[in-house]
Structure formats: C-alpha cells, structure tokens
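Please construct the entire structure, taking both the sequences and the accompanying hints into account.
In case it helps, this note's numbering puts the sequence shown at residues 54 to 369.
Hint data in this document are derived by calculation from the structure and do not stem from the laboratory. Treat the hints with caution; some may be incorrect.
Label pairs and their computed distance ranges (CB to CB) [as the list claims (entries may be wrong)]:
no., residue 1, residue 2, range
1, Ser166, Asp249, 55 to 63 Å
2, Asp278, Ala177, 27 to 35 Å
3, Glu136, Asp278, 47 to 55 Å
4, Phe169, Arg252, 32 to 40 Å
5, Asp138, Phe169, 25 to 33 Å
6, Ile273, Leu186, 26 to 34 Å
7, Leu202, Pro65, 30 to 38 Å
8, Leu186, Gln118, 54 to 62 Å
9, Ala122, Arg314, 53 to 61 Å
10, Glu173, Glu248, 19 to 27 Å
11, Ser274, Val144, 52 to 60 Å
12, Asp360, Lys185, 24 to 32 Å
13, Val144, Glu86, 25 to 33 Å
14, Glu86, Ala122, 19 to 27 Å
Computed from a predicted model, the values in this text were never measured in an experiment. Note that the Cβ used here is the ideal one computed from N, Cα and C, for glycine as well.
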Amino acid sequence: MAHPSQRAALSPENLGLLEAVARLGSMAAAARELGMVPSALTYRVRQIEDALDVLLFDRSARRAQLTPAGAELLRAGQYLLDELDAVAQRVKRVATGWEPQLTIAADAIIARSTLFELFEAFYAEGAPTRLKLRAETLSGTQEALYTGLADLALGITGDAAHPAEIQSAPLGSVEFVFAVAPHHPLAAAEHKLTEDDRRPHRVVAVADSTLRGTGMTHNISPGQDVLTVPTMQHKLEAQLRGLGAGFLPLPLAQPYITAGRLVVKDVQRPDRNIRLHYAWRQPRSSRDTGRALRWWLDRLQHPGTRDALLNNHHQT
Numbered sequence: 054m055a056h057p058s059q060r061a062a063l064s065p066e067n068l069g070l071l072e073a074v075a076r077l078g079s080m081a082a083a084a085r086e087l088g089m090v091p092s093a094l095t096y097r098v099r100q101i102e103d104a105l106d107v108l109l110f111d112r113s114a115r116r117a118q119l120t121p122a123g124a125e126l127l128r129a130g131q132y133l134l135d136e137l138d139a140v141a142q143r144v145k146r147v148a149t150g151w152e153p154q155l156t157i158a159a160d161a162i163i164a165r166s167t168l169f170e171l172f173e174a175f176y177a178e179g180a181p182t183r184l185k186l187r188a189e190t191l192s193g194t195q196e197a198l199y200t201g202l203a204d205l206a207l208g209i210t211g212d213a214a215h216p217a218e219i220q221s222a223p224l225g226s227v228e229f230v231f232a233v234a235p236h237h238p239l240a241a242a243e244h245k246l247t248e249d250d251r252r253p254h255r256v257v258a259v260a261d262s263t264l265r266g267t268g269m270t271h272n273i274s275p276g277q278d279v280l281t282v283p284t285m286q287h288k289l290e291a292q293l294r295g296l297g298a299g300f301l302p303l304p305l306a307q308p309y310i311t312a313g314r315l316v317v318k319d320v321q322r323p324d325r326n327i328r329l330h331y332a333w334r335q336p337r338s339s340r341d342t343g344r345a346l347r348w349w350l351d352r353l354q355h356p357g358t359r360d361a362l363l364n365n366h367h368q369t
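What follows is the structure in structure tokens.
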C-alpha cells in the first residue's frame with residue numbers, strides 16, 4: 054500500500070503542476086502560468102520527488118526535461134485525472150436514480166445477437182450504469198440471481214416458487230430437436246430412436262454453471278459417454294462436427310438443418326418444449342427500483358423482445 058505522503062504527492066493539483074512544467078519546458082514559465090513564485094514551484098516539485106523518492110525532471114538540460122520516471126508519472130497521472138472527471142460525472146448522474154452497475158445473468162439458451170442489440174440500445178440512452186454480463190447455464194442462471202451475483206436473470210427454467218425478494222415473468226418457450234451431423238451413425242436410422250438406440254453414442258451436454266451441488270442434467274442415459282462443453286454454441290459446433298448427438302434449440306439449429314449440416318431424428322419421447330422465465334431482484338419498494346433495471350424490465354414487457362431473445366440466433 055502506498056504511504057500517505059506518496060498519495061498526497063499524486064494529488065490532482067500536483068499532477069497539473071508537473072504537467073505545466075513538462076509542457077512549457079521551464080519552472081519559471083510554469084510558475085507564471087500558474088501564478089506562483091518560481092521558488093515556490095521549484096520547492097513543490099522537489100517535495101513531490103522526495104515523497105516518491107524519484108527524480109522527475111533532468112535539471113542538467115536547459116529545458117526542464119522529464120526523466121523516464123517523470124514521463125511515466127504524467128502518463129499514468131493523466132489517466133487518474135480522466136478517471137476523477139469520469140467519477141464526478143457518474144456520481145452526479147447516479148444521484149438521479151441510475152445504479153452504478155447492473156449485472157445480467159444470461160442462460161446459454163439466450164440469443165447473443167439480440168442480447169447485444171439490447172446492450173447497444175441501453176448505451177444509446179447515455180446512462181451512467183455499467184453493465185456486467187454473466188454467462189450461465191441451467192440452475193446456475195437462477196443461482197446467480199439468488200446469491201446476489203446478478204440483478205436480472207434471463208432464461209430460468211422451471212416454475213418453482215422464488216424467495217420473496219425475487220420477481221419473475223414468462224419469457225417464452227423453446228422447442229428442442231434431437232439432431233446429428235449427416236455423417237453421424239444415427240443419421241441413417243429410419244425409425245424413431247429409442248433410449249437404447251441413443252445410449253451407445255456420445256451425447257454432447259452443456260455444463261451446468263452452478264457452484265452448488267452437481268447441477269442439472271438432461272437427456273443423458275446411465276453409463277453414456279458425455280462430451281461436456283461450456284456453452285450452447287460449443288454444443289452446436291461439436292454436433293456439427295459429429296463429435297456427439299443431442300437436443301438443440303430449434304431456433305439455433307434451424308439454419309444448419311436447412312443447409313443439410315444437421316439431421317433431425319424422431320425420438321420416442323413426448324415433444325420437448327421448455328418454458329423459460331426471466332427474474333429480477335425486486336427492492337422492497339418499487340420506487341427504489343433503479344432506472345437501469347426499469348429500462349430492461351420495460352423492454353422485456355415487449356413480446357417481440359422476448360421472442361427475439363429466444364429465437365433470433367443469427368450471427369451478425
């Protein structure tokens with residue numbers, strides 16, 4: 054940790070003083086610009102150098118030239134001054150009701166292209182809130198919200214009751230299809246595939262991102278070989294390469310089915326439609342809801358937005 058005297062030496066006032074000396078090339082010129090007596094300015098510079106235990110200016114030259122240490126201090130100092138200006142602006146704007154940060158947990162099933170379109174629209178508002186995106190899968194999406202790691206969760210599965218501080222609303226449903234690459238052994242099957250048909254073949258599964266317990270698994274038979282991947286995009290890529298079989302969201306798989314790069318197989322099981330929700334941490338009073346969260350909740354009330362988050366998987 055820096056000594057207090059070192060921190061005091063890096064005050065905005067001192068950084069501005071050093072910048073003036075470096076820009077004008079002499080202590081005397083900087084003193085005139087700053088309205089100081091030259092001896093007082095020279096004393097201040099030496100105080101800063103003593104506090105940092107470095108030489109900032111080479112006094113052997115006719116001009117006051119920065120040493121490498123001095124040049125680095127001014128470079129980093131400009132960053133600090135810019136950050137201070139930015140913080141001042143953010144504090145003023147946050148006082149109007151914008152949260153300092155909003156964290157969104159998005160399940161692997163959420164369409165990234167639509168999600169980033171919403172990010173673009175949010176930033177166009179000029180809001181001071183910083184956005185943080187967490188990529189989650191299955192129960193990890195809900196867990197991030199429950200544990201306070203996220204303020205808004207997109208793509209929660211199941212209809213279980215939530216804690217009192219959590220509110221939720223339907224996002225929509227997604228149909229899953231069992232798909233394999235054309236060169237996969239199951240692609241040639243002409244009958245409805247049973248669990249016994251599928252068990253000898255490797256399944257591709259997206260890992261549950263929960264940090265508690267073993268998480269959720271779907272459509273994996275006991276003893277079946279499993280390739281576990283981190284995201285739905287990885288799962289799609291693995292199945293396109295024939296590394297395994299498995300269920301994919303139809304909106305994500307459809308372009309590859311149409312192009313002949315994936316083959317949909319009938320399976321002996323009911324139609325698989327997954328109902329999904331979005332959920333958020335609700336303050337005790339709705340009046341305390343931050344403007345950033347309200348912005349996202351307003352967008353999610355639009356059916357078109359909810360539909361696009363589940364179906365608009367095209368890559369721009």
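Hint check:
1. Ser166 / Asp249: 55 to 63 Å: At roughly 38 Å between Cβ atoms, Asp249 and Ser166 fall outside 55 to 63 Å, so the hint is violated.
2. Asp278 / Ala177: 27 to 35 Å: violated (47 Å)
3. Glu136 / Asp278: 47 to 55 Å: holds (51 Å)
4. Phe169 / Arg252: 32 to 40 Å: Since Phe169 and Arg252 have Cβ atoms about 38 Å apart, the given range 32 to 40 Å holds.
5. Asp138 / Phe169: 25 to 33 Å: holds (28 Å)
6. Ile273 / Leu186: 26 to 34 Å: holds (28 Å)
7. Leu202 / Pro65: 30 to 38 Å: Since the Cβ atoms of Leu202 and Pro65 sit about 35 Å apart, the hinted range of 30 to 38 Å holds.
8. Leu186 / Gln118: 54 to 62 Å: violated (46 Å)
9. Ala122 / Arg314: 53 to 61 Å: 58 Å Cβ-Cβ, so the 53 to 61 Å window holds.
10. Glu173 / Glu248: 19 to 27 Å: violated (44 Å)
11. Ser274 / Val144: 52 to 60 Å: For Ser274 and Val144 the Cβ distance comes to about 56 Å; the hint holds.
12. Asp360 / Lys185: 24 to 32 Å: For Lys185 against Asp360, whose Cβ atoms are near 25 Å apart, the range 24 to 32 Å holds.
13. Val144 / Glu86: 25 to 33 Å: holds (30 Å)
14. Glu86 / Ala122: 19 to 27 Å: holds (23 Å)
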